[in-house]
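Kindly produce the complete structure, drawing on both the sequences and the hints.
Heads up: the protein sequence lines correspond to chains A and B, in order. Quick note: the first sequence uses our numbering, first residue 5, plus one each step. Quick note: the second sequence uses our numbering, first residue 155, plus one each step.
Hints are computed from structural coordinates only; laboratory data are not their basis. You can trust all of the hints, since none of them are fake.
Output of the computed footprint for chain A on chain B, the stretches with three or more beta carbons under 8 Å from beta carbons of chain A:
#, segment
1, 167 to 173
2, 213 to 224
3, 316 to 328
Example chain B residues on the side facing chain A (calculated, C-beta under 8 Å, incomplete):
#, residue
4, L187
5, S188
6, G190
7, D191
8, A192
9, K194
List time: in silico DSS-like cross-link candidates among lysine-lysine, alpha-carbon distance up to 25 Å:
#, chain 1, residue 1, chain 2, residue 2
10, B, K388, B, K408
11, B, K325, A, K115
12, B, K239, B, K161
13, A, K116, B, K374
14, A, K394, B, K209
15, B, K414, B, K336
16, B, K338, B, K325
17, B, K374, A, K115
18, B, K414, B, K303
19, B, K336, B, K369
20, A, K234, A, K210
21, B, K369, B, K408
22, A, K116, B, K325
23, B, K414, B, K356
24, B, K369, B, K356
Where a beta carbon is used, it is the ideal one built from N, C-alpha and C, also for glycine.
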Amino acid sequence: MRTIYLDNNATTRVADEVLEEMIPALRDVYGNPSSMHHKGAEAGAPLALARERVASLLGAQPEEILFTSCGTESDSTAINAALVANPDKKHIITTMVEHPAVKNYCEDLEKKGYRVTYVPVDRQGRLDLNALYASLSEDTAIVSVMWANNESGVIFPVEEIAKKVKAAGAVFHTDAVQAVGKIDINLADSAIDMLSLSGHKLHAPKGVGALYIRKGTRFAPFLMGGHQEKGRRAGTENHSSIIALGRACTLAAEKMEEENTRVKALRDRLEKGLLETIPNSFVNGNETDRLPNTCSISFEYVEGEAILLMMNEFGICASSGSACTSGSLEPSHVLRAMGVPFTAAHGTIRFSLSIDNTDEDIDTVLSSLPGIIHTLRQMSPFWAEAMAAKAE
Amino acid sequence: MWDYTEKVREHFLNPRNVGVVENANGVGEVGSLSCGDALKLTIRVGENDIIEDAKFQTFGCASAIASSSALTEMVKGLNLDDAAKITNDDIAEFLGGLPKEKIHCSVMGRDGLERAIADFRGEVVKESLGNVVCECFGVTDLEIERAVKEDGLTTIDQVIHHLKAGGGCGKCHDDIEALINKVKGGQTMEIIKPVRMSNMQKIKLIESTLEREIKPALQKDRGDIELVDVVDNKVYVRLQGSCATCSKSQVTLKNHVEAKLRELVTQDLVVEEVK
Chain A
5 MRTIYLDNNA TTRVADEVLE EMIPALRDVY GNPSSMHHKG AEAGAPLALA
55 RERVASLLGA QPEEILFTSC GTESDSTAIN AALVANPDKK HIITTMVEHP
105 AVKNYCEDLE KKGYRVTYVP VDRQGRLDLN ALYASLSEDT AIVSVMWANN
155 ESGVIFPVEE IAKKVKAAGA VFHTDAVQAV GKIDINLADS AIDMLSLSGH
205 KLHAPKGVGA LYIRKGTRFA PFLMGGHQEK GRRAGTENHS SIIALGRACT
255 LAAEKMEEEN TRVKALRDRL EKGLLETIPN SFVNGNETDR LPNTCSISFE
305 YVEGEAILLM MNEFGICASS GSACTSGSLE PSHVLRAMGV PFTAAHGTIR
355 FSLSIDNTDE DIDTVLSSLP GIIHTLRQMS PFWAEAMAAK AE
Chain B
155 MWDYTEKVRE HFLNPRNVGV VENANGVGEV GSLSCGDALK LTIRVGENDI
205 IEDAKFQTFG CASAIASSSA LTEMVKGLNL DDAAKITNDD IAEFLGGLPK
255 EKIHCSVMGR DGLERAIADF RGEVVKESLG NVVCECFGVT DLEIERAVKE
305 DGLTTIDQVI HHLKAGGGCG KCHDDIEALI NKVKGGQTME IIKPVRMSNM
355 QKIKLIESTL EREIKPALQK DRGDIELVDV VDNKVYVRLQ GSCATCSKSQ
405 VTLKNHVEAK LRELVTQDLV VEEVK
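Given below as structure tokens:
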């Protein structure tokens, strides 16, 4: 059975070009960059190149890039650094729809005496900017707002927010894990202080990430130990994965246009096709400011895990904001914050595409999913009720 | 990805008895759209109280659909008294087991059946009349007490997995804990130390003491304990979870586990750890 992989916001396939650069780094260039011999020196040069490549994708300087183990480490490092650098400030602003990497860290900080404001979103998943600005105060140490939401794909106006936050004297951080590689980012012209990214979301392997720290931003390390990364992040570099991340960034720059044209067109065709053929379905997230690859779609009166497992029979891989897949019992915090009606929150599926996807992939979904939803609805007591009510 | 058995998968993909029984004389409805799963079971009871037909409509995940399908297969042809004895464990067993987070799907099946039978008999299931403890999922104190008692639940996590109660906002955790303690308290009083015990009795008492008195405390600290064997007065146990790596585990074994077993079973027991 052919695999139709439409879960690229969860993770991506390591691109061939990336793997090609990674293998010699593992096999031949095995020295420790910190070592005083030729194997050490040999390992140092590609590391510098990777730093330049990551910086280039972001419109940043190489010395502003810190390599980490993942997006979560980048987020924790950024928030911790801002709090340590501003010990008198006890207020944090973030959103109700952040990834757990930021959300759960903030919730933990609340227990440690910090005050956290969680800015709400509207039905279209757009941030309540007035609420955000109104909560800014002299006590605010850091504002952390994701660049794009992983479930809805909605893009937040982080550059505009960063300016207001800077003017208020706080640090601005953005979790850009879902945005980097999918939309154009130029930090040179922005007021953003720190930005997190993750390798495996853009066709690099898992276990590598980066944190952009604007020159001049006060910083405190999260991991203590050796002098790696100029003392800003201790621990021997994940050498081959960093090299892979560098290549993935140049690849993303090469494919950015394709992502925003061909991939976006595939997504749009998928979305339109599903809405046309499946009654009682709707798309979550506002139409204009959305990642080109993401589609969150709700089907009323059916449950997400059942949809996913039936799609899996056709080789289709997607994800769901429903409770049952994660082992939690409530729909995702993002769908709840967006006020997705309870008739549909449990039946929400996220398709996330990448440059690997083809027209054939979309054809398979469009030919199989309407039947799956129909089958599950025939089983659902609520579908029968809803149809009876409609007939009256 | 859940580790579903082949039988769960098979019943999910090819569910038996979907729909509504014609001329049904018993209907059981549990769950709701907002809760994430719901079951409507219809049965037709014929002569000699035999369930002639049973069909289901289910909104929910794969294991909810499979549990409903299994239930209808199990009850068809049974008389009401025998059907009423079906437990959620029986449903899970029919399916070759369910992941522990999905036990509530089999409980939903059992509850649906119970309500359908009550509906046929013109009765009301008394547990549904209790006071709502978990507002997120609408679970009552009587329902929680019953599950704790009948399924031997000792932790909040187990209550969540069985009933979903406490699995939402978490505000009711203290109330659930109080209900667990209430039931447990009642049961502890019932433990009577026999003067002379057969080996079988002794092992059973050691087992139940571990379940009631020791496991809950260890599980609170993310640890656990398993009874491996009993030979004469030696009780062999295996520590699990955080206990397995805890530097104070030997102290726990002697001061807590052994002391409790000596108090509640017999004075001469010695607890030894098996790695």
